[in-house]
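Novice: So for the sequence shown, the numbering used here puts the first residue at 719; every next one is plus one.
Keep in mind that the hints were calculated from the coordinates and are not lab data. C-beta atoms are modelled at their ideal positions from N, C-alpha and C, and glycine is treated no differently. Treat the hints with care, as some may be off.
Said to hold, decoys possible - Derived DEER-like restraints, expressed as beta-carbon distance ranges: (1) I853 / D919: 53 to 61 Å; (2) S920 / V769: 44 to 52 Å; (3) E807 / A777: 21 to 29 Å; (4) Q907 / P760: 15 to 23 Å; (5) I877 / K897: 20 to 28 Å.
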Amino acid sequence: MISYGNLYVIAAPSGTGKTTLVKALIESSSKITVSISHTTRPKRPNEMNGVNYYFIDPAEFKKMIHDHQFLEHAVIFDYYYGTSKWMVEETLAKGIDVILEIDWQGHQQIQHLFPLAIGIFILPPSMTDLRDRLIKRNQDDPNIILKRLADVKETVSHINEFDYVVINDDFTTALDDLKTIIHAERLRQHRQSKNFADLIDSYLIIKND
Numbered sequence: 719m720i721s722y723g724n725l726y727v728i729a730a731p732s733g734t735g736k737t738t739l740v741k742a743l744i745e746s747s748s749k750i751t752v753s754i755s756h757t758t759r760p761k762r763p764n765e766m767n768g769v770n771y772y773f774i775d776p777a778e779f780k781k782m783i784h785d786h787q788f789l790e791h792a793v794i795f796d797y798y799y800g801t802s803k804w805m806v807e808e809t810l811a812k813g814i815d816v817i818l819e820i821d822w823q824g825h826q827q828i829q830h831l832f833p834l835a836i837g838i839f840i841l842p843p844s845m846t847d848l849r850d851r852l853i854k855r856n857q858d859d860p861n862i863i864l865k866r867l868a869d870v871k872e873t874v875s876h877i878n879e880f881d882y883v884v885i886n887d888d889f890t891t892a893l894d895d896l897k898t899i900i901h902a903e904r905l906r907q908h909r910q911s912k913n914f915a916d917l918i919d920s921y922l923i924i925k926n927d
């Protein structure tokens, strides 16, 4: 019997290095994947449609909302972002863990639909470090960077809604922390009891000699 996969929500202030960490986690772990979100945000030069996001126009996004195709959706910095319901449910049913890279608003929506979803919050080591990362990655104009920095306080105020907190100061350490969380969650009693039901039952059989 295939065990149902775990659903993870990984959130962080913009520029924390979340996407890079998740990419490394996927490449170094088995039976885990990341859900590709839909967005109305313009594609950046280094991004690919269907790899980083599904880039669609606002009209198509609103139609998907109307057709109940999203598990969660939100407006972030004036653009829509949403998670495909079909993709997530089908992947989990195959016993593959799924990571959602979404914000705290999406996490709240997911908690109502998947109470067992595991929330991981990634923090930068400092505001100064975060500001430097946003400037160095050279992906947003100065006004957007200011908006992202202004949003940090609101984002971090929801940290108590998550199960784990990882500090991305040293990349290797942060990646190891994520791997540890994934491994530990796979050893949860309710999952192991299903995976090894026959073994557990064999110890409970009372034999009368």
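Novice: Could you tell me which of the numbered hints above are not met by this structure, giving the numbers in increasing order?
Specialist: 4
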